[in-house]
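A.B. asks: Letter by letter, the chains look like this.
Protein chains: 2
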Amino acid sequence: MLGFLQRFFSKDKAFYQSIKNLLGFYPNNIVFYQKAFRHKSVATKDHDSNERLEYLGDAVFGAIIAHYLYQRFPYKDEGFLTQMRSKLVNRSHLNSLSRKMGLDNMIQYYNESASGYKSLHGDAFEALIGAIYLDKGFNFTQNFIINHIIKLHIDIDHFVNTEFDYKSKLLNWAQKEKKQLRFDTKEEVLKNNDRKFTVTLFINEKEISTGIDFSKKKAEQQAAQKAFSQFVQ
Amino acid sequence: MLGFLQRFFSKDKAFYQSIKNLLGFYPNNIVFYQKAFRHKSVATKDHDSNERLEYLGDAVFGAIIAHYLYQRFPYKDEGFLTQMRSKLVNRSHLNSLSRKMGLDNMIQYYNESASGYKSLHGDAFEALIGAIYLDKGFNFTQNFIINHIIKLHIDIDHFVNTEFDYKSKLLNWAQKEKKQLRFDTKEEVLKNNDRKFTVTLFINEKEISTGIDFSKKKAEQQAAQKAFSQFVQ
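Protein chains in written order, with my numbering: chain D, -5 to 227; chain Y, -5 to 227.
Please keep in mind that the hints were generated in silico from the structure rather than gathered at the bench. Among the clues, some could well be false.
Since the list can't tell identical chains apart, any single copy or any two copies may satisfy a pair.
To be verified - DSS-like mimics (lysine-lysine), calculated; alpha carbons at most 30 Å apart, straight line:
| hint | residue 1 | residue 2 |
| --- | --- | --- |
| 1 | K190 | K34 |
| 2 | K190 | K81 |
| 3 | K210 | K172 |
| 4 | K180 | K145 |
| 5 | K130 | K81 |
| 6 | K130 | K220 |
| 7 | K94 | K180 |
| 8 | K211 | K94 |
| 9 | K130 | K190 |
| 10 | K112 | K180 |
| 11 | K70 | K212 |
| 12 | K39 | K211 |
| 13 | K130 | K200 |
| 14 | K212 | K39 |
| 15 | K210 | K34 |
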C-alpha cells in the first residue's frame, strides 16, 4: 500500500510508470533504477553513476546464466557450459540485448562523446540487473531473466550451433579496417609427447596477444579472442 | 520429517553426519555433496565428477562475493571492487580456503596422480558451493558463505592492504625453480599522447605471455598474472 501511494503521489510517477512499461513490474525503490541508467559522463558525484551496479549486475547475471545453462544442458560438460556462458555474457551480446529490450531511451549520457562509449548499452543492461537484484532479490531477478530476457530475446539454440569464432570475426574486422593480421605458431613437444602450441598474433606486424593450448586451433582462438576484446568489441 | 527419516535410516548416515560436522547443517539431498567431492580421476561415468558443479559454484560464489564487497565498501569504485573480488576468488586463495575448511579429507581422487592436480582443493570448494546452492537455494548459500566462510576464514582487511603482486610471486617461483625470467617492454605513444606499454614475459627465453596497459606496472602485472596461472597456481 505504501508502495502504491509512493508510486502515484511521487514526483517520480512518470519514472515508475516507464520502468513498469519497460520491465513489466513496479520497482520498490526507484533510486536503484535511476542510478542504473546514469552513465558516468552525466554523474555529478562520485559513486552516482551506474558503474558499481554494473560490477554487481555482471556477477549476478553470470550466476543466473550459469545455472540456467546447467539445467538446460544436463548432459553437457563444463567446457561446453563455460563456452556457452561466454557467448551469452560477452559485451557485444549484452549491447544487442540492451537494444532489443529498449533500454536505449532510458540511458542518460553526455551526448557529445557518446560515440566513444562502445559498451554504453551493455553496461546499462548489467547495471539494471544489479538494480533489480538489490531491489527485489535473487529469485525475482532469476525469474525475470529467464522469463523476460532469455525467453523473449535469446535464441539459445542459435548460440549452441554458432561457434563464436573469434579468428573469423577478427579477420573480417581486419579486412574492413585494412589491418594486416599474422598468426605465428610455435609448437613444442612435451615430455609426455603432448604437443603445446603457442600462437602469437600480430596486427600490422605489432605483437598483440598470445594463445597457448594443446590444440593449435584453440591457441589461435585464444589469441584472437584477446585481440578481439581489445580492438573490436 | 522425511529428511530426518532419510538421514537416520539411510546407508549414507555417516556421510550426512560428516557434512553436518563439516558445514554445520544437514543436506536435503546428499547426491549433490557426494558429487562435489568426486574428482574426475575417480568418476566412473561422464558427468559423474564435480566438474559441472565447479562451473556452477564458481559463478555463484563470484556473485555472492561481488554483493558482499558491494555492501562492505559503499564508497569504493568498481575498479577496487573488481580487484578485491579477483583476489578472493583466485585459485590459490580457493585452494587455501578449501584446506582451512577441512575439505581435504572429503575429496575423492586417484592418489597416484594427485601431485598433478594443482587445483584439486579449490575445484572441490567451488563444487561444494554449487552443491549447496542446488540443494538449499541462493539465500541459504549466501548466508553460509558470509557466516561460515568469510567471517571464519577470510581476513578482508588483509586483502585490502595487500596488493596481489603477481610479478613478485612469479619472481619467487622462478628463483625456487631455477628459471630465468625476462620482461620485455615496448612503449608506444598514441595520437592523444597517451602511452601504451606492451610487456612480453619470457621464461628461459621462451615467450610466455603479454600484458598491455597504459601503465607499465599494470602491463607487467598482467603478463605476470597470465604466466602465474599457467605455471604456479
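A.B. asks: Each hint: holds or not?
C.D. replies: Structure-based check of all given hints:
1. Taking CA atoms no more than 30 Å apart as the test, K190 paired with K34 passes between copies only; the shortest distance there is 23 Å, against 43 Å inside one copy.
2. Proximity of K190 to K81 under the C-alpha cut-off of 30 Å is found in both arrangements, the shortest distances being 25 Å within a copy and 29 Å between copies.
3. Taking the shortest Cα distances, K210 and K172 sit within 30 Å of each other both inside one copy (26 Å) and across copies (29 Å).
4. In this assembly of identical chains, K180 and K145 lie within 30 Å of each other by CA distance neither inside one copy nor across copies; the values are 44 Å within and 47 Å between.
5. For the identical chains of this complex, K130 and K81 are neighbours both inside a copy (27 Å) and across copies (28 Å), given an alpha-carbon limit of 30 Å.
6. Neither within a single protomer nor between protomers do K130 and K220 lie at most 30 Å apart by alpha-carbon distance, with minima of 35 Å and 37 Å respectively.
7. In the homo-oligomer, the alpha carbons of K94 and K180 never lie at most 30 Å apart, since the shortest distance is 42 Å inside one protomer and 41 Å across protomers.
8. Taking the shortest alpha-carbon separations for K211 and K94, neither the intra-copy value of 33 Å nor the inter-copy value of 39 Å comes in at or below 30 Å.
9. For a Cα distance limit of 30 Å, the shortest separation of K130 from K190 qualifies neither inside one copy, at 48 Å, nor across copies, at 42 Å.
10. Proximity of K112 and K180 under a CA criterion of 30 Å is satisfied inter-copy only: 26 Å between copies versus 33 Å inside one chain copy.
11. In this homomeric assembly, K70 and K212 come within 30 Å of each other (Cα to Cα) only inside a single copy, at 19 Å, whereas the closest approach across copies is 37 Å.
12. In this assembly of identical chains, the alpha carbons of K39 and K211 lie at most 30 Å apart only when taken from different copies (28 Å versus 47 Å within one copy).
13. Proximity of K130 to K200 under the C-alpha cut-off of 30 Å is found in neither arrangement, the shortest distances being 48 Å within a copy and 51 Å between copies.
14. For the homomeric pair K212 and K39, the shortest alpha-carbon distance between copies (26 Å) is at most 30 Å, but the shortest distance inside one copy (44 Å) is not.
15. For the homomeric pair K210 and K34, the shortest alpha-carbon distance between copies (25 Å) is at most 30 Å, but the shortest distance inside one copy (41 Å) is not.
Against the hints set out earlier in the document, violations occur for numbers 4, 6, 7, 8, 9 and 13.
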